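Asker: Below, each chain spelled out in residue letters.
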Amino acid sequence: MARRRYKHSEKKVGASPGTLVYVGQEIDYKTTIRRIDYNEADYTIETVKKLALCTRPSEASPLVSWLDVDGIHEPQVVERIGQQYQLHPLLLEDVMNSQQKPKVEEYDGSYLFVTLKMLYFTKSGQELEHEHLSFVLGKNYLISFQEERKADLFQPILDRIQASAGKTRRNGSDYLLYALLDLVVDHYFVVLDSIGEKLEILENSIIEQVASQQTLTRLYTLKRELTLMRKLVWPVREIVNRILLEESDLIRPATIPFLRDLYDHVVQVLDSIDSYRELATGLLDVYLSTLSNRMNAVMKTLTIFSAIFMPLTFIVGVYGMNFDNMPELHTRNGYYVVLLIMVVLTVLMIIYFRRRKWF
Amino acid sequence: MARRRYKHSEKKVGASPGTLVYVGQEIDYKTTIRRIDYNEADYTIETVKKLALCTRPSEASPLVSWLDVDGIHEPQVVERIGQQYQLHPLLLEDVMNSQQKPKVEEYDGSYLFVTLKMLYFTKSGQELEHEHLSFVLGKNYLISFQEERKADLFQPILDRIQASAGKTRRNGSDYLLYALLDLVVDHYFVVLDSIGEKLEILENSIIEQVASQQTLTRLYTLKRELTLMRKLVWPVREIVNRILLEESDLIRPATIPFLRDLYDHVVQVLDSIDSYRELATGLLDVYLSTLSNRMNAVMKTLTIFSAIFMPLTFIVGVYGMNFDNMPELHTRNGYYVVLLIMVVLTVLMIIYFRRRKWF
Amino acid sequence: MARRRYKHSEKKVGASPGTLVYVGQEIDYKTTIRRIDYNEADYTIETVKKLALCTRPSEASPLVSWLDVDGIHEPQVVERIGQQYQLHPLLLEDVMNSQQKPKVEEYDGSYLFVTLKMLYFTKSGQELEHEHLSFVLGKNYLISFQEERKADLFQPILDRIQASAGKTRRNGSDYLLYALLDLVVDHYFVVLDSIGEKLEILENSIIEQVASQQTLTRLYTLKRELTLMRKLVWPVREIVNRILLEESDLIRPATIPFLRDLYDHVVQVLDSIDSYRELATGLLDVYLSTLSNRMNAVMKTLTIFSAIFMPLTFIVGVYGMNFDNMPELHTRNGYYVVLLIMVVLTVLMIIYFRRRKWF
Amino acid sequence: MARRRYKHSEKKVGASPGTLVYVGQEIDYKTTIRRIDYNEADYTIETVKKLALCTRPSEASPLVSWLDVDGIHEPQVVERIGQQYQLHPLLLEDVMNSQQKPKVEEYDGSYLFVTLKMLYFTKSGQELEHEHLSFVLGKNYLISFQEERKADLFQPILDRIQASAGKTRRNGSDYLLYALLDLVVDHYFVVLDSIGEKLEILENSIIEQVASQQTLTRLYTLKRELTLMRKLVWPVREIVNRILLEESDLIRPATIPFLRDLYDHVVQVLDSIDSYRELATGLLDVYLSTLSNRMNAVMKTLTIFSAIFMPLTFIVGVYGMNFDNMPELHTRNGYYVVLLIMVVLTVLMIIYFRRRKWF
Amino acid sequence: MARRRYKHSEKKVGASPGTLVYVGQEIDYKTTIRRIDYNEADYTIETVKKLALCTRPSEASPLVSWLDVDGIHEPQVVERIGQQYQLHPLLLEDVMNSQQKPKVEEYDGSYLFVTLKMLYFTKSGQELEHEHLSFVLGKNYLISFQEERKADLFQPILDRIQASAGKTRRNGSDYLLYALLDLVVDHYFVVLDSIGEKLEILENSIIEQVASQQTLTRLYTLKRELTLMRKLVWPVREIVNRILLEESDLIRPATIPFLRDLYDHVVQVLDSIDSYRELATGLLDVYLSTLSNRMNAVMKTLTIFSAIFMPLTFIVGVYGMNFDNMPELHTRNGYYVVLLIMVVLTVLMIIYFRRRKWF
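Protein chains in written order, with UniProt numbering: chain U, 1 to 359; chain V, 1 to 359; chain A, 1 to 359; chain L, 1 to 359; chain W, 1 to 359.
Isolated chain U, as found in the complex:
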């Protein structure tokens, strides 16, 4: 059961801060970059072939420019984009460090940096995976960085932009940021639903007493996943809250109610995580007491058998002795009397255990 743990690469110890190193899994394809420019009237979508074309739009540009960077493992790509958009080196380091905790930071009021995790279950549904996402929000542009190519992750937003001049097209880059964050939080609910279903299966097997050691291992894994999820979602609440409170110029007032709605959703995710954790703990208690109960039942069975057959075996042993002088052996009905005594004894034993409610 191999798991990807939070690993802070050793080779980085002592490296000069701001050195760009990709910390995470090795990936073998090239970064792909798409640029989407749109306003209410029109939109263009193109795949960027040359990094030199990733330029910051002029402040006067009436279009919202979305640069969608897919892949964060090539330092030179990230660095080049950073230069052309004039981003702080530590920000770029955070973009590439897939172990970076979710956070928000505003740089001189000129751009806002948000990084958080996308969560999903692997295809097999066995492992909870997370993917590092970063967003840079400027006046009329947004850059999104994602760790791995998940062709369909931002697709719903692209579809909406292409579909019609709807809310997304009518609003600015801040609304686009909101829409993308909302998408990420919606995926948290999908993960939660999946965990909820697994928990329900475990609950049923425990309450119907068909649980095994494996059930417990699964329960433990679920608790682990909930702990991880909590750790990754908790700061998202703080991120949205800070965007709401800081009244940055980059966030238009019209976007505020949407962000407040997003905040509610994140809180709901956290609430559900906590409920599930409590549930899992309660289930463990039920399971352990089930074990105790079963042990009790087993022990009672053993004791009843022993208490009935030990005296009987002793009695027949007595009349198996070879003493010359054992008058009972030579009586006519001795054998039948002994059989009768043993039947009576057994009946008494059974009555006794019934009285003590042992079966």
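Source of the hints: derived by calculation from the structure; they are not laboratory data.
Just so you know, these numbers come straight off a predicted model, no measurement behind them.
Any given hint might turn out to be false.
When chains are identical, the list treats them as one kind, so a pair holds in a single copy or across two.
Computed cross-link-like contacts, SDA-like style, restricted to lysine to any residue with a CA-CA straight-line distance of at most 20 Å [what the hints assert, rightly or not]:
1) 357 x 208
2) 167 x 93
3) 357 x 207
4) 103 x 259
5) 357 x 293
6) 198 x 221
7) 231 x 268
8) 198 x 217
9) 101 x 275
10) 103 x 245
11) 167 x 79
Following the hints, position chains V, A, L and W against chain U.
Answerer: Relative to the frame of chain U, chains V, A, L and W by itself:
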């Protein structure tokens, strides 16, 4: 044991925010809407047949207008009411989302939105159910939305309005909101009483040691219900507190003491929930140690039987051997001596176990 | 084991707020009211026969007027007093609701309302009971309401007033309130001492390993009582703190140090409650591990018996077989050799178990 | 195992506040009072024989005057000192109440009252005792009250005063207070070290699996002592913090860094207490699982014996039957065949249990 | 298993505060001191032979002066440096007290004192060790004190200074402090990774059910190390936060983003510690329930054997009795009938236990 869980419908992932989708159980009847207009002098109650008649009363109207909407599953109905009362689309989304956490929100000081959960046990008394309620409070109107037709839910208030020109009739829409919230909180107490009774039954069966595995399952279910209840009532405390603190123009000063009283009640509900949770945890400990105690008793019984009969069986086995040269077999009283030895041994064993307080 | 639980009467659901209903145990005697007027120079104590005589003293009166109302189950009495002293209806509701949480409230700076619980053990010392007390403090008057006639509850204060022109007589109604609250808190210490003694008895029986299932039930009951006590005393801390912080005109500066002292005492009560709870939890752990230890001892006894006698019984069984051709049976010393072998085997077993420190 | 518990004497219930009653253990010797006057140039130490000589030094006095009162059980002594130094009656009550929680209080900026506990193990090292200490700090005087004569408690400070015109002599009464408090906190470390050593012994005996029921009782006692210690040291942190924050005129700026250092030490004590508590809890878990492990081992032994000898005993029983027609009995090698079968069966059993890793 | 505990040397009790005593392990080599002066243009590194040369650089000096003191056990060395740099005596005491909790303190805005712990595993990887580090930051100088010679601890920074006129050389002493703190925090990650690996090994052995008592001891040791680590890292978070908040003149604005980054890392360390602790607790639960499960399996085996063989042994015992009159013994097929009966009985038993899912 099927249970309704918090489920955030998957199909919503990626949908444009503000899209009205009913998230909850499918229901097959039409929304019914009642409109109650009253002041100290008079009142009218009518069932609204045409949505066009659900209009916001003019600010100058001397009547309090209460629109009681029963059913939140038809988007076009909710949307139409929203348009005619000029409500924010996200508010309407919250009205229809039966998974929405309880909360309060004020929109530009012109209306106040409150949503919370009504709690009740199913007829069978087995399952704790919750129903999504929303209120929109304006200067001289109140809209109430409820998830399912519970004919008797708001009936006591209607009765009071019809009965006499009492406190409800003499006061404004804010007092009506208070009266409805008070009703909801009163139902929390009913649920709590029911949980308290169940807990007492479990307590008795555990302390009198007639508890079974089923007792434990029930205890677990109770803890779960208390956890759910806490999750749903906790934000209500915050709601009432914020209404008290924010000094909205929509809340008249005369209503404040009543709201403070309501606040006290909610805190009392939360206190009782916490007490019950602690009680349940304590009961679990008692139950588990009861199991250990019982196991001890069973094991002692087994050990006593074994310790008495194993040596006896061995002795009679010795004299069951077929060696040619076993002088004891041929003595006159050998048999009786062996019987005596066994009686003495048994008595010694019994004394030994009595000394160790095994029985 | 019947217990009085927090029960919010169902019939109240939907009743108009401010309706006076006595919520608590039914009591069958009439309310008795005493009026004590005093200042440094003089005092009068009289039992009030007519409710009309319960009037608020004029602001100019140089006397402190204490109205001691014994019994809160007759709505008309409480209502009449409320009218004559011009008290808020919700306050009167709190006076009569014996389930009301302890709290303090100031009404327009003209009077202060305090309600809290008196705690005591029933005569049999088995059950922790609580009694609902309320105080209304005015400029020069104090009304005290108590749930049941406990002739001796406020007697020490009456004695002090009668005894001499001491501190109580020299000070105002605020000092009287302090003195009554101090009395209540002193009773908390009495209850705590009683719980402490019970805990010590349980501790001894657990540590000396003579504990039974009943010990556990008692431990559980104690924990329950501590939980209840904590719930009822915790808000008292808040009450005293708020009186101290709010700098009401009703509290003279000279009374402040006394209230601060009272605050210290309440905190000390809460500290002791928490210590006792921790102690009780620790004892439970010790008890459970004692059970495990005992089980281990029982199992070892069983295993030693089995391990010694099973092989022996097998050996004698072998020579009890009836094969024609068993040469050992016909040797001269076969019997003695077998006996010797069995002795050696037993000694080896005993050495083995001693080595493993089983006894 | 008699223990001194927090006991609030019952006879005090209803007594007028400010009544001086010694609450604590009965002690049979007289209070002794020493007066030490010093400044950088000189010092005098004298035992005060007449209470009339315990006078407050004039504000103009250039000497620091330390009144060291040993014994707090004689109300007339404490009262007289209180009168001559003009101390508040409630302060005197706190001085005499050995159950008083640690606290600090400033009276009108003219003197500061600090009370806390000295902790030490009894000579036998078995019981954690605490002693009630109080300090009254004035402009140029300090009064120290201690519960029992511990000749050596304040001796180090006296020695320093006598030794040379060092820091203590050069500084004011506030530094003297600091020095005394520092002494008390240093003793906390001594107690902690002692607890640490005991814990290490328990840890070793548990990890090396030689723990008995007694080990558990000791662990429980240690946890109790840590709980008590935490309760008594926690408010000391608050005391030092409040002295630091309140910027009283009684504390000179030069003393502030020393108090901050003292604060660090108290925090370190509290940290260690918490670490030890966690350690103790962890040890309990290890111990309990050790018990389970041992039980498992015992049960396996029993089961192996039973599983091997029960079938064997059955087989020899079969050939011990007395049927006329049992052909095997009369074959030549029947006996040896049966012996062989039994050996094979035993070997198979052993292989089976080895495979399941039972031994 | 000897461990170094937090030990506050007894001999210090009663010593005058500010007395320099080295509290920690005895070390037998001499302090070595290096002085590194650098700016963007140049750098010099020299080993200081005479203490007189450790002088504070003049405020006007354009170079950053780093004094790297290796060894804190010689009071006269620390005292001399303290004099020459005009440091507060209590600061020097903290430098030498290896038990000092991590903290930050600013002295009159002229220098900043930071002390914290370096963490590492011993070579054998068995024990978590910590080393006491202190830093004094002045306008253009930094003094670093380390407890033991770890030649390679600060080497990476020295290398960077020597390598090129990079960020370290271009920035001031505050950046140097940041770089050193960053190095310490990087080592926390190395320790965390090591703990994570150990935990993974334990997890595997527990989930694959090959855990022994030793596994538990290791789990306990890990939890202990995590507790220690948390205690030592927690205040570091506070240190960095306070440096960020206090806006000292000693910290240049350009260094702020780097410190914020450092803060993020410390928080990430603390998060991981908490996750690991939860994991360890979860593992313990799994382990304990594994034990219960195994016990259940063992008991079932025993009970099945007993339930099958006890009745059989009884039956053969019956026909081993020596009664004269036992007709069955003399029938022709008696023996075979009994054998058949026993086979049937065994089959029934097996069916019964299979039904109850015992194997």
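Asker: None of the hints should be skipped; say for each whether it holds.
Answerer: For each hint, the structure was consulted:
1. 357 x 208: Classified as between: cross-chain Cα gap 14 Å, same-chain 23 Å, threshold 20 Å.
2. 167 x 93: Result: close only across copies, 16 Å inter versus 33 Å intra.
3. 357 x 207: The answer is between: 16 Å across copies meets 20 Å, while 23 Å in one copy does not.
4. 103 x 259: both (16 Å within a copy, 15 Å between copies)
5. 357 x 293: Both: 14 Å inside a copy, 15 Å across copies.
6. 198 x 221: both (11 Å within a copy, 18 Å between copies)
7. 231 x 268: Both: 15 Å inside a chain and 10 Å across chains, each within 20 Å.
8. 198 x 217: Both, since 13 Å and 19 Å are each at most 20 Å.
9. 101 x 275: Cα proximity of residue 101 and residue 275: across copies only (13 Å, versus 23 Å in one copy).
10. 103 x 245: both (15 Å within a copy, 18 Å between copies)
11. 167 x 79: This pair counts as between: shortest inter-copy Cα distance 18 Å, intra-copy 33 Å.
The structure fails none of the hints (numbered hints given earlier).
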